[in-house]
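Going line by line, the protein sequences match chains A and B. First residue of the first sequence? That's 0 in numbering that gives the first Met the number 0, and the numbers climb one at a time after it. First residue of the second sequence? That's 0 in numbering that gives the first Met the number 0, and the numbers climb one at a time after it.
Warning: the hint list may mix true and false statements.
Stated by the list, open to error - If we take Cβ atoms under 10 Å as the criterion, some of the chain A residues that face chain B in the derived model are:
{"no.": "1", "residue": "Ala-114"}
{"no.": "2", "residue": "Leu-165"}
{"no.": "3", "residue": "Val-167"}
{"no.": "4", "residue": "Ser-174"}
{"no.": "5", "residue": "Tyr-176"}
{"no.": "6", "residue": "Gly-177"}
{"no.": "7", "residue": "Met-183"}
{"no.": "8", "residue": "Glu-185"}
{"no.": "9", "residue": "Gly-194"}
{"no.": "10", "residue": "Asn-196"}
{"no.": "11", "residue": "Gln-199"}
{"no.": "12", "residue": "Thr-203"}
{"no.": "13", "residue": "Arg-311"}
{"no.": "14", "residue": "Glu-313"}
{"no.": "15", "residue": "Arg-315"}
{"no.": "16", "residue": "Glu-319"}
To be verified - No more than 30 Å apart at the CA atoms, straight line, and that leaves these computed lysine-lysine pairs for DSBU-like:
{"no.": "17", "chain 1": "B", "residue 1": "Lys-116", "chain 2": "A", "residue 2": "Lys-97"}
{"no.": "18", "chain 1": "B", "residue 1": "Lys-85", "chain 2": "B", "residue 2": "Lys-239"}
{"no.": "19", "chain 1": "B", "residue 1": "Lys-41", "chain 2": "B", "residue 2": "Lys-196"}
{"no.": "20", "chain 1": "B", "residue 1": "Lys-41", "chain 2": "B", "residue 2": "Lys-239"}
{"no.": "21", "chain 1": "B", "residue 1": "Lys-41", "chain 2": "B", "residue 2": "Lys-85"}
{"no.": "22", "chain 1": "A", "residue 1": "Lys-97", "chain 2": "B", "residue 2": "Lys-85"}
Derived by calculation from the structure, the hints in this document are not laboratory data. Predicted model, so just to flag it, every value in this text is computed and none were measured. Note that the Cβ used here is the ideal one computed from N, Cα and C, for glycine as well.
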Amino acid sequence: MNTYYAVNLLVYAGVDIIACLALNLQFGVSGIVNFSFIVFQAVGAYAAAVLSMPPDTANGGFQHYIGGYELPFPIPWLGGAIAGGLLAIPVGFVVLRKLRSDYQAIALLVLSVIANAVITNADKFLGGAAGIALVPPPLSDRIDPNTESYQYLYVGITAVCVVIALVVANRIVNSPYGRSLRAMRERELAATAIGKNPVQLKMTIFIVGGLIAGLSGGILVGFIQVWAPSVWLYPETIILFAAIIVGGRGNNIGAILGALLVPVGFEEITRFLNNSPSIANLGPPGLIPALQWVAIGLLIIGFLWFRPEGVRPESRRVFEGAPVREDR
Amino acid sequence: MLAATELAPAAERPMLVASDIHRHFEGLHAVDGTSIDVPAGKITGLIGPNGAGKSTLLAVLAGTLPATSGTIVFDGEDVTSSPAYKRARHGLVRTFQLPSEFARLTVLENLLVAAPKNRGDTLLGALRGRSYWIEDERRLVQQARALLKRFGMSAKESEYAGTMSGGQKRLIEIMRALMLGPRLLLLDEPMSGVHPKIVLEIQHYLEDLRAEGLTILMVEHELHMVERLCDTVVVMAQGKVIGSGTMSSLRRQREIVDAYLVG
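Construct the entire structure; sequences and hints are all you get.
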């Protein structure tokens, strides 16, 4: 395993963990089935890209995008996070106020498809289908990104972001506020009857999730240096849902575990399969990637059927001084 | 009974006055011009045949269903246009006909989640960390444990509420409502589907709560229970109030007997 591969794996793991923590806050803790989650990561990536890139007249003007502000790190990442949070406001306003939760899921899925189609076809806006390339890595004006130490630095900054996201998620999940979110997830009408405002709770956690998702997009685009509609198609959201379901809904350890097992572990293992010539040449071209999707689907169904609580279930909260539980 | 005596002057004014309430579903007039006064410090029963509109009226009073028209004044304040969660925060708290516990929260958490005035119950409060809200939490845990003790459920505090029996879920719901410090409790068939032994317990708890000055409006089918527990009874049929008074006076009214008590 060379450094490049290890760094690649670690940064992807960090991005996936941050994304899963955000999705867990929305889906696992609060019960919002955000099928457009990947759009929030994407908007963070686009925002971070155009904030860090020069205007599109640079590099011979071979690509077209709005903005291009050449702002120093960490502004593009912060901008990515803010873009994710800002996008959550109008989306939440339309989707989360009146619709029943199953329709919310459908509306969000459709939004994801529409957003991708619009960005793909609006080619002067954010590079269209070709996307945006040559996104400068953070701090590349000061440190040469092609050195090994820069690679480790990137892993380090990503790790700091993971820690920040984890602290935020932990504080929310383990607080009385998190308890209100879980109550809303369990029974929204009863939560209303004890004085909770479900619209406000949902909007707030939707925005918090959007911020964190946007940050994950910023980290990713700084690393891979390109961003295009093909990397944020709606099935990417399904992979993250699979991660949460496999890892364990409603708890952050479960979300991290899911991120490591599904997007990182599962996809990386199958990537190796694809690289091995004897397997890659099996069947018609594209068979292995297609089977990858089948496997993700089976993984979701299998877990929902046999172990709906996931590998690491949400823990039962026992308070200090509680009587010893009776064995039944 | 001391508390009830102290509250006596307030009892002059009804705790809740609902006037000319209509609630229509498409063409169906579930509640059709109903007016009701709920006297303070008393238990008022709401009875009537199935489909009379009792639960709908309760939902409209609590705000979980908006009224098509009419006004609701709660403790001197017009709450007609305020949403359910605001009414609950002001002390107008309802329970549900079907068990409505938060299944994957423990029994203790079901109570804690209802408590107002916890600094950790906002996003910013939560982000400031445990030390910011732990004092509030400890105080509320004590308060919740006192309620659990009173309702004989201390041993169950760490169990998931979803694993409790039907009767225990009713008790959880009543305790949860009490955590809000309600001034008026709206109970929707609190005894339905409950083991007879727990029915008796619930009856005693409700009597105690009344003695402490709490006002209760309850929908109930079991007429013996209504007779024992309720100071005044309101009878509904086809979305309208057709009579009110004590249970024994209602039994003497011919049309009410015809509409409900016999049928």
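Q: Return the status of the interface hint for Tyr-176 (chain A): holds when the least beta-carbon distance to chain B is below 10 Å, violated otherwise.
A: With a closest approach of 4 Å, the Tyr-176 (chain A) hint holds.
Q. Against chain B, with CB atoms and a cut of 10 Å, does the hint on Leu-165 (chain A) hold up?
A. 13 Å, violated
Q: Using Cβ atoms only, decide whether Gly-177 (chain A) comes closer than 10 Å to chain B, and label the hint accordingly.
A: Result: holds, 7 Å to nearest chain B Cβ.
Q. Given the hint that Lys-41 (chain B) pairs with Lys-239 (chain B), does the C-alpha gap stay at or below 30 Å?
A. 22 Å, holds
**Q.** Pair hint outcome, Lys-41 (chain B) versus Lys-196 (chain B) [Cα-Cα no greater than 30 Å]
**A.** With a Cα-Cα distance of about 24 Å, the restraint between Lys-41 (chain B) and Lys-196 (chain B) holds, given a limit of 30 Å.
Q) Under the criterion of a CB-CB separation shorter than 10 Å, is Ala-114 (chain A) in contact with chain B as hinted? A) The hint is violated - Ala-114 (chain A) has no Cβ within 10 Å of chain B, the shortest such distance being about 26 Å.
Q. Can we keep the Arg-311 (chain A) interface hint, with Cβ of chain B closer than 10 Å?
A. Not OK, violated: Arg-311 (chain A) not within 10 Å of chain B, min 15 Å.
Q | Holds or violated: Lys-85 (chain B) to Lys-239 (chain B), with C-alpha atoms at most 30 Å apart | A | Holds, because 27 Å separates the two Cα atoms, which is no more than 30 Å.
Q. Does Asn-196 (chain A) meet its interface restraint, that is, does its C-beta lie within less than 10 Å of any C-beta in chain B?
A. This interface hint holds because 5 Å falls under the 10 Å limit.
Q) At a threshold of 10 Å, is the proposed contact between Glu-185 (chain A) and chain B supported by beta-carbon distances? A) Since the shortest Cβ distance to chain B is 4 Å, the answer is holds.
Q. With a cut-off of 10 Å, does the beta carbon of Val-167 (chain A) approach a beta carbon of chain B closely enough for the hint to hold?
A. Hint on Val-167 (chain A): holds, closest Cβ of chain B at ~7 Å, below 10 Å.
Q. Going by Cβ atoms only, is Gln-199 (chain A) closer than 10 Å to chain B?
A. Interface hint status for Gln-199 (chain A): holds (9 Å vs cutoff 10 Å).
When the structure is compared with the earlier hints, violations turn up for hints 1, 2, 13 and for no others.
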